Every structure is written in C-alpha cells, then in structure tokens.
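Enquirer: Model the placement of chain B on the given structure of chain A, informed by the hints.
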Amino acid sequence: MLEVKDLHVTVEGSEILKGLNLTVNPGEVHALMGPNGAGKSTLSAVIAGKDGYEVTSGEILFEGKNLLEMEIEERALAGILLGFQYPVEIPGVKNIYLLKAALNAQRVARGEEEIPAPEFMKLVREQLSFMKMDGSFLQRAVNEGFSGGEKKRNEILQMLVLQPKLAMLDEIDSGLDIDAMKVVAEGINSLRNADRAILMVTHYQRLLEHIVPDRVHVLVDGRIVKSGDKDLANELEARGYEWVLEESAA
Amino acid sequence: MSAAHAFLQRLGERADDEPTWVAARRQAGAARFEALGFPTKRDEAWKYTDVRRIAEGEFTLADDAELDEARFAALGMPLDAHRLVFVDGVFSAALSDLTDLPDGVSVEPLTTAMRTNHEAIGGAIGRLAGVDFSPFTALNVALSEEGAVVRIGQGVVVEKPIYVVFASRANESARMSHPRVLVMAGARSQSTVIEHYAGEAGAANFTNVVSEVMLERGAIVDHYKLQEASSEDLHVASIHIEQGRDSRFTSFNLNLGGALVRTDLVTDLNAQGAETNYNGLFFVQGRQHVDNHTLVNHNAPNTFSNENYKGILNDRARGVFNGKVIVKRDSQQIEAYQNNANLLLSDRAEIDTKPELEIYADDVKCSHGATTGQLDEEAVFALRTRGIDEQMARGLLTLAFAGEVMDQVRLPVIAERVERAVAGKLPERFNLADLVEVSDALEEA
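Respectively, the protein sequence lines represent chains A and B.
Once you know that position 169 of the first sequence is 169 in our numbering, the rest is easy, because the numbers rise by one and skip nothing.
Whatever position you read off the second sequence (first residue = 1), add 1000 for our numbering.
So that you can see chain A by itself, here it is in the shape it has in the complex (with noise of 0.2 Å):
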C-alpha cells in the first residue's frame, strides 16, 4: 500500500530524513518509534503533504501512484488521513462543517452523491458515541478551546467517519490520561481491518500495550536502524534506544 524509498527530506536546509525505507502494506499496524529529533514526525509530515519539507531524493509510492505529485487534498481523498500530534484549532469552523464537507468531497472525488442529512447524521452519532463525546462537540468550533484528550479523541472522530486506507497517527497518545488512552485506543483498534493499513508515530511503549502493532521501526538520525515484532518494542522500553545506536554504529 504504502512503499517509502530512499526518502531524503531537508527541512530549511538540514538533512532530517537520509534514506528511509519502509513498506507498509493492508492490514498491517506499524509503530515507527525513535528518540527526539530522528525524523519521526518528518515522515508523516511529508506523507501528507506539508509545507517547508523539501524531497532531495527518494520516492513515495501509494497504491502504486507518486505520492508526491499529488495535492494536499488529493493525497486525503485518495485515503490517506494524517491524525495530528497538535491538532490546530479553528475558530468559527464547526465540527459538523469540517465533518460534512470531508466526507462529501471524498463521495464526490469517488463519482458518487453528496450523503443526506439525515444519514449523515446517524453516521456521525454514532461515532460519536462510540469516542463517548457528547452531542455538542458538533456544533463547537474545531478543537477550539477542547482539553488535549479531547483534540485527541476528535482527530480518531475524524478517521470513523471518513474510513481511511493509511491512517497515520503522530503521537496520539501524547497528553493523554488513561482513560481518554483507552477510549483513543479503542477507536484506532476499531479501524484495523484486512483492507487498512495504520502507522504510528510513538515515543513510548505505553500506547502499544493497547495497541498492539504488527511491526515496530526504529528511527534513529533519518534511518530505520531496526525492524521487529512487538517484542521490539517492549525491549526499547526496557533497554532504552541506546543499545540501538549502539548497535547500528558498529
């Protein structure tokens, strides 16, 4: 579904990403995990199309097609969804909206008819009951003045109900309790199916214990230094990074 290549991204001049490689294909969860500074955010940054990340080299592949050449939006409609570490927040601009005009661009982009009102509706209740958020959220601005968890919880809101093939979730789990952890878990494990791909970027081993990955990556200065099981991640936090640097080095 997803092939990295080589990836080399510089970002106001300095080398971030130097030689990433990664496939990830359907149906598999995939933890990319590294110290600060490696390059984790970079990658899904680049993924989905940010500004001020310069490709030098390298390719991205999705279903096949050059990622790179593509729009922003087209990147979005074509089932990629990029779960912010700081969702942003937009005043004015009510959940509903951003829900509704998503989900009718991805049913337009698809040749098929804007969703009734109705429908939608039920769609949306639905999931929002299911991420245990109240009724009001719909009508509150995005994230506007919503607690970190509740940021959280709105970008997994976003991914029930737009369905994406790759969802990409860069550090969901930071600033979050246990509680809102679990509920933000729940949800990403309701996603995985034999069709979808998930990539996480994660600092900790926390998240995974709730989530159980397929693969778990190490990146370490721009480079995949170690691929594994779960088992990876469990001895990352036992043993820190320091062993894998250790090791790649040598």
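Quick caveat, the hints were computed from the structure, so don't treat them as lab data.
Keep in mind the model is a prediction, meaning the values are calculated, not measured.
Even glycine gets a Cβ: it sits at the ideal position worked out from N, Cα and C.
Warning: the hint list may mix true and false statements.
As the list claims (entries may be wrong) - If you want the footprint, here are the derived chain A segments under chain B, 3+ residues with CB under 8 Å: (1) 49 to 63; (2) 76 to 84; (3) 96 to 110.
Claimed, not checked - The calculated label-pair distances, taken between Cβ atoms and stated as ranges, are: (4) B/T1099 - A/L123: 41 to 51 Å; (5) A/L123 - B/A1073: 36 to 46 Å; (6) A/E3 - B/H1368: 54 to 64 Å.
Expert: Chain B only, in chain A's frame:
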C-alpha cells in the same frame, strides 16, 4: 466653477412651493457646503478616502421611481416587514407595503410626514446631524427632499422589522440622491429598523444619506445598514444616534458592495444606563474602497459601548477603520470596548485602521485592539488533509472569520444573505447551502 458649486446647480430642481423655513434650511446647507467644499486628503477625517470620483462626477436628481416588481424582487429581501421603498431617492408607493402597521407606529415618506406633522418632524430632523458634521451632511441638507420617517410610540413593541429599501437603478446617466432617515423611538419601545441599499448591476449612482435615530428612556432599537450597492455605486452615509437613560441601541453596519463607500456612525450616550453596540462587517474586492468612521461619546456616567468591526479584503481593495471613543470628564464607571480585526486575502489589499480613545474620567473600563492578518495557513493545511480542496478550505475559514459578527445578527434572512454574499464572493464554487442544511438538521435532531 467649483465642484461644490456644480452640485448646487441642482438646487433649482427642488420644488419652489416649499415652506419658507424648509427653503431657508436648504440655503443654509448650500452655503455651508459651498464654503467647505468637498473634503480632500488633507482633511484628517478623509485622509485615506479620496472623494474625487464624487466631486468630479455628473449626477442628476431622479424624478421617477419606476422599477417593476421583478427588478425590485431581484434587489430586495423577502422579509415579513413594514416596507418603505425608494428608487434613486424617489418614494415608490407601489413597491412599499405599510398595510398592517400596529397602533402607535408610523412609517412614512418624509414628504408626507412633513406635510401632516411638520412641527414635530421639522423640529427633530437635523437636530443630530446638521450642516456642520461634514461637507456631505451639508450637501444633504441642501438637496434632500425625501426619506423615511419612523415614529414609535411609548411602550410599543414592533414585532416585524421596519424595512427601508433604497434601490439604485442602472440608469442611462448617473443619478444622485440625498435621503434622510429619521427614527424616533419612544420610551420603552422596541423595534428593528433596516436600511437596505441595493444596486442593480451597472448602477453608477451617488447616494448621500443622513440618518438620525433618537432613543428615549428605555427604548431598544436594532438598526441594520445593509449596503449591497453595485460595484460602480458611490455611497456616503452618516448615522447619528442619541440615547436616553437605559436605552439600548445595536448597530449592524454590513457593507458588501459599492465602489466608494464611507459610513460615519456617531452615538451620544446622554444618560445613565444607555448602551450602544456596534457590529460591523465589510467584504470588498476588486478596487472597492470602504471607510468606516465610528464615534461613541460617553456623555454620562454608567454608560456602555461595545464595538466589533471585521473587514475582509481581497484583490486590490482598500479599507479604512477609524473607531473613536470619547469619555467626558464626569462620565465615571463607563465601559467601552472596541475591537477591529481584518483579514487580507490578497497581498495587494490594504487596510488602514486606527482606534482612538480619549478618556477624561478616571474610573472607567476601556479596551481596544486592532489586528490584521491573513488566513491561518496551518488551518488551511489541516482542512486540506481532510480532503477539502484549497478553495473550499479558504472559503470556510473566511466565513468563519465573518461568523463572529454574523452570529450576533438576530434576523436570519439578513445573516443568511450576508453569508451567501461572502461565500459567493469567494473564488469558485462554495456549497454553503449544503452546510446550512446540515446545521438545520442538527437543530431538528
């Protein structure tokens, strides 16, 4: 011949059977205007607004109000209201609807009101806005003839809005009009008055209106000025408000059209408990120019003013905001808040904004702020990552910016009209109707 003198040539076209005192007032206006001349950029109050397009224009006074139903329907709003219509300044009985006015309320064209009640009307008109306020008010006094007079008796609550339409036609030659609006709100009365300036595409007329609103003790007035003139129309307005004890005035100054638009809004808070609220929104594009000058005089203790003006500027449009609050020496324990925020959608658009506070009392709560910026690119990006295309994303964010003012609008027809106008001015398609429908569905659920 000076530009001012050329305008005054039109004086001869006014009726010669006017009462002596009306003719005398006209002469006073003419003399004052001729002495002042058109303002130039050297005048502080007109520093950013060049009126040469008006001064150098050739305008005649209209003498008919012909406008068929279909053309009118394209301009007016479908409001359940008491309606008074003027076409290029001339009263149209055919388009007006004053059939079910409640007791204690009168809504009349100025000429009728002067004929039937000239003492009350003649005494009130010009009391707040005489010849000295600006050259344009002087010109208005010289050339005005028609307008709207609204009188609301003590304690009367007027359920339906009073809707005054000033239609500007696409004429073969440019017309000018100098209407007056006079609203006298009796003690404890409640009313909504709408001044709607609507222009046909291609209209290139000059409107120079003066409005006066007088609120007696405890009166509540919601005042809307919705200006949707054509992109060639020239529009100068001054609105003067006088408030008695415990009265509440709320202004919505909504400017969407016009080539050159200047509005002065002046409130005198003359007794304790009086409160004035200024809400302003303008959206300009192309080479449109909109100038809002507002002034609140806190002439008494325990008075309140709250101002929120927002501007959206695209292309090479220019905006001016000058908001002044004056607190007199003995006006203690007043509150005055002012905010002006502007959104520049193009880097060639320009806004000049100047809040001014003059405070001569020491026990007051005042604040003011002005911001100018572009759309939040982080928010544009966030919306696009959800599959919303860039135009739509920018449209949503622009509407959201206007929303803070529009949320205060209590008449849904106006709120929706302005939202649609703002959305329609955004580049490319924008399916606002669809979004409104969702919100409605939500309300019903």
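Enquirer: Please check whether A/E3 and B/H1368 have a Cβ separation lying inside 54 to 64 Å.
Expert: Since the Cβ atoms of A/E3 and B/H1368 sit about 56 Å apart, the hinted range of 54 to 64 Å holds.
Enquirer: For the region 76 to 84 of chain A, do three or more residues have a beta carbon lying closer than 8 Å to a beta carbon of chain B?
Expert: It holds, with 5 qualifying residues against the three required.
Enquirer: Taking the Cβ atom of B/T1099 and the Cβ atom of A/L123, is their distance within the range 41 to 51 Å?
Expert: For A/L123 against B/T1099, whose Cβ atoms are near 48 Å apart, the range 41 to 51 Å holds.
Enquirer: Just to make sure I understand the rule, a stretch counts as covered if three or more of its residues have a C-beta closer than 8 Å to a C-beta of the chain. Does the region 49 to 63 of chain A meet that for chain B?
Expert: holds (count 3)
Enquirer: Could one say that the CB atoms of A/L123 and B/A1073 fall in the range 36 to 46 Å?
Expert: Holds, since A/L123 and B/A1073 (Cβ atoms, about 39 Å apart) stay within the stated range.
Enquirer: Examine the region 96 to 110 of chain A: at least three residues should have C-beta closer than 8 Å to a C-beta of chain B.
Expert: holds (count 10)
Consistency with the previously given hints is maintained throughout, with no hint failing.
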